[in-house]
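*Asks:* Protein sequence lines, in the order shown, are assigned to chains Y and X.
For the first sequence, the working numbering assigns the number 1 to the initial residue and increments by one for each residue that follows.
For the second sequence, the working numbering assigns the number 1 to the initial residue and increments by one for each residue that follows.
Hints are computed from structural coordinates only; laboratory data are not their basis.
In this text, all values refer to a predicted model and were calculated from it rather than measured experimentally.
Built from N, CA and C at the ideal position, the CB exists for glycine as well.
Among the hints, erroneous ones may be present.
[Said to hold, decoys possible] Here are some of the chain X residues that sit facing chain Y, going by a computed Cβ distance under 7 angstroms:
1) 72
2) 140
3) 143
4) 147
5) 154
6) 190
7) 192
8) 193
9) 196
10) 199
11) 200
12) 203
Chain by chain, the residues run as shown.
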Amino acid sequence: MPTADDLRPLAVDLALLGATLMLFAVDLGLPHGRKRWLGVLSSALLAGLFVLTFFVDTEGSAFGGSYVGGAWPLLFKRIALAAGALAALGSVDHVDRHFPTRQGEFYLLMMFSLMGMTLLPGARDLLLFVVAFEMMGIPLAMMASYAKTEDLKGVHRHAAEAGLKLYLISAVSTAITLFGLSYVYGLTGSTRLDVIAQAPLSPLLGVGMMLTVAGMSFKVGAVPFHMWVPDTYQGAPTPFVAFLSVAPKASGFAAMTAMLLVAFKNNREQVLSVVLLMSLASITIGNLLALPQKDVKRLLAYSGIAQVGYMLIGLVAGGSYGVGMLLFFVSGYVATNMGAFLVLEAIAPQRTGITLDDVKGLSRRSPWLAAALLLFLLSLAGIPFVVGFWGKLMVFMAAYQAGYGWLVLFGALMAIVSLWYYLQVARAAYMGDAPTEEVVPVKVTPTLATAIAVCLTLVLGMGAYPRPFIEQASAAARSFLGEAP
Amino acid sequence: MSFINDHLLSIIVAAPAVAAVLLLIVDDEARLTMRFISLIGATVSLAGSIQVALTYGMAQGGLQRPEKYPLVPSLGIDLSLAVDGWGVSLLLLTGIIIFAGVWATWTLTDRAREFYILLLLLVSGVLGVFVCQDLFIFFLFYEIAVLPMYLLIGIWGSRGKVAADGPFAFVWKRFDVGGREYAAMKLTLMLLVGSAAILVVIFAMYFSAGGRTFDLTVLGHASYPRQMQLWAFPLLWLGFGSLAGVFPFHTWSPDGHAAAPTAVSMLHAGVLMKLGAFGVIRIGMMMLPEGAAYWAPYVGGVAVINVLYGAISAMSQKDLKYVIAYSSVSHMGVVMLGAATLTVDGWNGAIYQMFAHGMMTGLFFALVGLVYDRAHTRWVPSMGGFAKEMPWVASFFVLACLSSLGLPGLAGFVAEFLVFLGAWQSTHWWWALPGIVGAWVTAVYVLRAVRDIFFGEGPRSKEIHHLHDAHGTEWGALWVLGIGLVVFGSYPRLILDFIHLATNEYLPRVASIAAQLAQAP
Chain Y
1 MPTADDLRPL AVDLALLGAT LMLFAVDLGL PHGRKRWLGV LSSALLAGLF
51 VLTFFVDTEG SAFGGSYVGG AWPLLFKRIA LAAGALAALG SVDHVDRHFP
101 TRQGEFYLLM MFSLMGMTLL PGARDLLLFV VAFEMMGIPL AMMASYAKTE
151 DLKGVHRHAA EAGLKLYLIS AVSTAITLFG LSYVYGLTGS TRLDVIAQAP
201 LSPLLGVGMM LTVAGMSFKV GAVPFHMWVP DTYQGAPTPF VAFLSVAPKA
251 SGFAAMTAML LVAFKNNREQ VLSVVLLMSL ASITIGNLLA LPQKDVKRLL
301 AYSGIAQVGY MLIGLVAGGS YGVGMLLFFV SGYVATNMGA FLVLEAIAPQ
351 RTGITLDDVK GLSRRSPWLA AALLLFLLSL AGIPFVVGFW GKLMVFMAAY
401 QAGYGWLVLF GALMAIVSLW YYLQVARAAY MGDAPTEEVV PVKVTPTLAT
451 AIAVCLTLVL GMGAYPRPFI EQASAAARSF LGEAP
Chain X
1 MSFINDHLLS IIVAAPAVAA VLLLIVDDEA RLTMRFISLI GATVSLAGSI
51 QVALTYGMAQ GGLQRPEKYP LVPSLGIDLS LAVDGWGVSL LLLTGIIIFA
101 GVWATWTLTD RAREFYILLL LLVSGVLGVF VCQDLFIFFL FYEIAVLPMY
151 LLIGIWGSRG KVAADGPFAF VWKRFDVGGR EYAAMKLTLM LLVGSAAILV
201 VIFAMYFSAG GRTFDLTVLG HASYPRQMQL WAFPLLWLGF GSLAGVFPFH
251 TWSPDGHAAA PTAVSMLHAG VLMKLGAFGV IRIGMMMLPE GAAYWAPYVG
301 GVAVINVLYG AISAMSQKDL KYVIAYSSVS HMGVVMLGAA TLTVDGWNGA
351 IYQMFAHGMM TGLFFALVGL VYDRAHTRWV PSMGGFAKEM PWVASFFVLA
401 CLSSLGLPGL AGFVAEFLVF LGAWQSTHWW WALPGIVGAW VTAVYVLRAV
451 RDIFFGEGPR SKEIHHLHDA HGTEWGALWV LGIGLVVFGS YPRLILDFIH
501 LATNEYLPRV ASIAAQLAQA P
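Produce the entire structure from the sequences given, and follow the hints as far as they go.
*Replies:* What follows is the structure, encoded as C-alpha cells:
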C-alpha cells in the first residue's frame with residue numbers, strides 16, 4: 001500500500017489528473033455557446049500546473065523504483081505543460097470556429113495526451129514506458145483527424161489522412177518497440193531499467209536495443225519513421241500541429257535518453273551507431289526534402305525532421321553535457337516551433353494548408369506578425385541572438401567535445417541549406433507582393449496574439465540571456481546521470 | 001560622467017542597437033523622427049569612437065578600457081570588451097561610415113523604419129567585432145553584422161538586371177543573376193558557409209586550449225598542436241576570407257554590392273569586408289601563428305590574384321556599381337597581401353588600407369547612389385558630360401578615384417605604399433610587382449570611368465539638363481568622407497600611430513615563428 005510520501009514524485013501528474021477531471025466536470029455544466037471558455041480554462045489550468053512545478057518537491061521514487069522524480073523529469077514536465085498551455089490558448093478561436101459543438105473533447109484529449117507526456121520522463125520500467133507512450137499517442141491521433149466530420153466545405157479534406165497516417169505509423173512503431181522490448185525482457189528477465197543495465201551484452205540483446213530505439217524514433221519524428229510528419233502536419237488543425245510538433249518530441253526524447261543512458265548504459269556503444277545514423281539521415285533528408293516545398297506547413301514538417309536530427313546529435317555526444325544541451329535545445333525548440341505554427345494559424349485561420357502564396361506580402365499586412373515569423377524562422381535556422389542558435393551551438397559543442405568534429409561541420413553546413421528554405425518563407429513575407437493590390441490587415445484574436453507573444457518573448461529572452469536555462473538544463477542532466485552538481 | 005567613461009565601449013556598441021529598438025515605437029508616418037533617432041544612434045557611436053581615440057593612452061598601448069560581463073560562466077563565455085590600436089582606428093572608420101550612411105539615406109521613404117532598424121543592428125554587430133575580446137562573442141557579433149544584409153538587399157536593393165550573355169546565359173536567366181533577391185541569397189549563403197568553417201575552428205581552439213574560456217588573450221597565448229593549426233588556419237582563411245572577398249570566394253561581392261541600396265553598399269564595402277580581413281589577421285594569424293606562417297605564401301599568392309583579377313574585371317565592367325564593386329575586390333586583395341607579408345609595414349599597411357578603402361569606397365557608393373538617383377541608370381556607356389550639371393559630384397568622384405589609384409596626399413596612397421614596402425621586405429619580394437601593376441590598372445579604369453561619366457559627349461548629352469548637383473542632406477556623406485580622405489592622406493599619423501602600436505605588439509610572435517619555420521628544412 002503506497003503511502004502519501006511514495007506518491008510525491010507523481011505530484012504534478014496527479015494534479016494534472018485532477019485538473020483534467022475538473023475540466024470534464026466544467027464541460028458537462030457549461031451551456032452551449034459558452035464552450036469557448038473551456039480552452040481558456042484548460043490553458044489557465046495548465047499554466048497553473050506549470051507554476052506549481054516550481055513549488056513542489058518531487059525527489060524520490062515511487063512504486064519500488066518504477067517511477068522517479070527529481071530535476072530531470074520535472075524539467076520535461078514543465079516543457080510539456082508550457083507547450084500544452086500555449087497550444088490550448090492558441091487553439092481557442094480555431095476550435096470555437098471549426099468545432100463549436102465538440103470543444104470540451106478537444107481539450108480533454110489534449111490533457112490526456114499531456115498526462116502521458118508528463119509520465120514518460122520519470123518512467124523507469126518498460127511497462128510504464130509503453131503505457132505512457134500509448135497514452136500520449138492515441139489522443140494525438142484522434143485530435144489529428146478531429147476536423148473530419150466538419151468537412152462541409154472541403155476545408156479539412158486531408159484530416160482523415162492526417163489522423164490515419166499518424167495512427168498507423170504509431171501502431172507499427174509501437175509494435176517494433178514492443179518486439180525489441182520482448183527480446184530485452186526475455187534476455188534480462190526484468191522490466192526495470194536499472195536491472196536491464198546490468199545484463200551482459202549478447203547479439204540478441206543488441207537486436208532488441210536497436211529495435212527499441214528505432215521504434216521510438218516515431219514519436220520524435222526522426223527518419224526512418226518520419227513519413228507521417230508532413231502529411232499529418234498538412235492535414236491537421238494548425239494549432240494542434242503547433243502542439244504536436246513540439247510536445248511529443250520533448251517527451252519522446254526523454255524516453256529515448258532514459259533508454260540509452262539508463263537501460264543500455266553499459267552497452268551504449270552498440271546502439272550509438274543506430275542513433276548516429278538516424279541523426280545523419282534525419283538532418284540530410286529533412287533539410288533536402290524541405291527545399292522544394294511550397295506548403296509552409298509541410299516545409300516546417302521537414303524542417304522539424306531535420307531539427308530532430310540535430311537533437312539526436314546531443315544524444316550521440318552523450319554524457320551529462322550532451323543530454324543537458326539536448327534538453328536546452330528541446331526547450332528552445334518548443335517555443336520556436338510552436339510560435340511559427342501559431343503565426344501560420346494567425347495568417348490563415350480558415351484553412352489547414354498554407355502555401356507560400358498565403359504568406360506573401362505579410363510584412364505589409366501585419367508588420368508585427370511578419371517580424372515574429374522572421375524571428376521564429378531565424379531561430380529554427382540557428383541564427384545568433386535567438387534561442388535556436390544557442391541550442392544548435394550547445395549541441396555542436398557537446399559533439400565536438402565527444403570527438404565528432406566532422407559531425408559538427410556536417411551539421412553546420414546542412415544548417416546553411418536549411419537557411420535557404422527558411423529564407424524562402426521570410427522572402428515571401430517581406431519581398432513578395434500580396435496577391436491583391438489592396439493591403440488587407442491580418443486580424444489576430446487576443447488569445448492567439450497572447451500565445452504568439454509569449455513564444456516570441458521566450459525565443460528572444462532565451463536568446464539574449466540563455467544562462468539560467470543552460471544552467472538549469474545542465475543541472476537536470478547531471479542529476480539524471482547521478483553526477484555531482 | 002564617470003559612468004559613461006567606464007562603459008564607453010558598451011555605449012558605442014549598443015547605441016545603434018538601442019536606436020533600433022527605439023524605432024520600433026515610432027509612429028509609421030513620423031519619418032523625420034526615425035531619421036533623427038538613427039542619426040543620434042550613429043552620432044553617439046561616432047562621438048564615442050572619437051573620444052576613445054583621444055583618450056587612448058599611447059604610452060602604455062595594449063588593451064584599454066576593459067569591460068567584462070559574464071554571459072555563460074559555465075562555458076567561459078563573457079561579454080568582454082577592450083580596445084587596442086587597431087580597434088581604435090576601425091571603430092573610427094565604422095563611426096564615420098555609419099554617420100555618413102545615415103545622411104546618404106536621408107531621403108529613403110519605402111519602409112524606412114525597418115530599413116533603419118536593420119541597418120543599425122548591423123552596425124552594432126560591426127562595432128562589436130572590433131572591440132570584443134571574447135572569441136565567442138566575436139563570432140556572435142560577426143554573424144549579426146552579416147545577417148541583416150539579406151533583408152537589406154532583398155527588400156531595398158535596386159532592381160538592376162544583368163544582361164544574360166555568354167555560354168552560361170541560360171543559367172543566368174534561370175536564377176535571375178544580378179537581381180536583388182538572387183544577390184541577397186547568394187551573399188547570405190556564401191558567407192554562412194564561411195561561418196560554418198569558422199565555428200568548427202572556434203571549437204577546436206576552445207577545446208584544444210583547454211582553459212574553458214573564450215578569452216582572446218588566453219586563447220592567443222595557448223600553444224596549439226601544429227597539426228591542428230595546419231588544418232584550422234585554411235578553414236579560417238576560407239571562412240573570414242569569403243567576407244573579405246578572397247578569390248575565388250569573392251563572387252558574392254559584385255552582385256551584392258551592385259544590388260544593395262546606397263547606404264548598405266557603403267557599409268558593406270566600406271566596413272563589412274574589413275571584418276573578414278580583420279578576422280583573418282586577428283583570429284587566424286595571431287591565434288594560429290604556425291598555421292599562418294605555413295600558409296602565408298598561399299595567402300599572399302591568392303591576394304596577388306585578387307589584386308590583378310579584381311582590377312582587370314573592373315576594367316571590363318559597364319555597370320558603374322560593378323566597376324566599384326570589383327575595385328573593392330582588388331583593394332581588399334591589397335589588405336590580404338599586406339597581412340601575408342608578416343612584416344610591420346605590411347600589417348600597418350593592411351590595417352590602414354582597411355581604413356582608407358573604407359572611406360574611399362563609402363564615398364564612391366554614396367556618389368554612385370546620387371548619380372543613379374538623377375540619371376536612373378548605372379550603365380556607363382549611356383552616361384556622359386554629367387560634370388556640367390553636377391560639378392560637385394564630379395569633383396568628389398575624382399577625389400575618390402585619385403585616392404583609389406593611390407595618388408600621394410590621399411589616404412589610399414599611404415596604405416598601398418606601406419603594403420608594397422612590406423611586400424618588398426618579405427620573403428616574397430616579387431609580390432610588390434603585381435601589386436603595383438594592379439594599382440596602375442586601377443588608374444586606367446577609374447580615370448576612364450570619370451571620363452565616360454562626367455566629361456566628354458555622352459549619347460544623351462542633349463537630355464541631361466534635368467540632372468542637378470547634390471543638395472540638402474546629400475552633402476553630409478560627401479563632405480564627411482571627402483575631408484576624411486584628404487586629412488588622413490596628408491597626415492596619416494592620426495591613425496597610423498594607433499595601428500603601429502598594436503602591430504608592434506602582435507606581430508613579433510607571429511614573425512618569429514615564421515622565421516623559425518623558414519630556417520627549418
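*Asks:* Each of the hints needs a verdict: does it hold here or not?
*Replies:* Hints versus structure:
1. 72: 5 angstroms, holds
2. 140: Interface hint status for residue 140(X): holds (5 angstroms vs cutoff 7 angstroms).
3. 143: 4 angstroms, holds
4. 147: Holds. Min distance 6 angstroms.
5. 154: 5 angstroms, holds
6. 190: Violated: closest Cβ of chain Y sits about 9 angstroms from residue 190(X), beyond 7 angstroms.
7. 192: Constraint on residue 192(X) satisfied, holds at 5 angstroms.
8. 193: Hint holds; residue 193(X) Cβ to chain Y Cβ min 6 angstroms, cut 7 angstroms.
9. 196: Where the cut-off is 7 angstroms and the nearest Cβ of chain Y is about 4 angstroms from residue 196(X), the hint holds.
10. 199: Because about 6 angstroms separates residue 199(X) from the closest Cβ in chain Y, which is inside the 7 angstroms limit, the hint holds.
11. 200: 5 angstroms, holds
12. 203: 4 angstroms, holds
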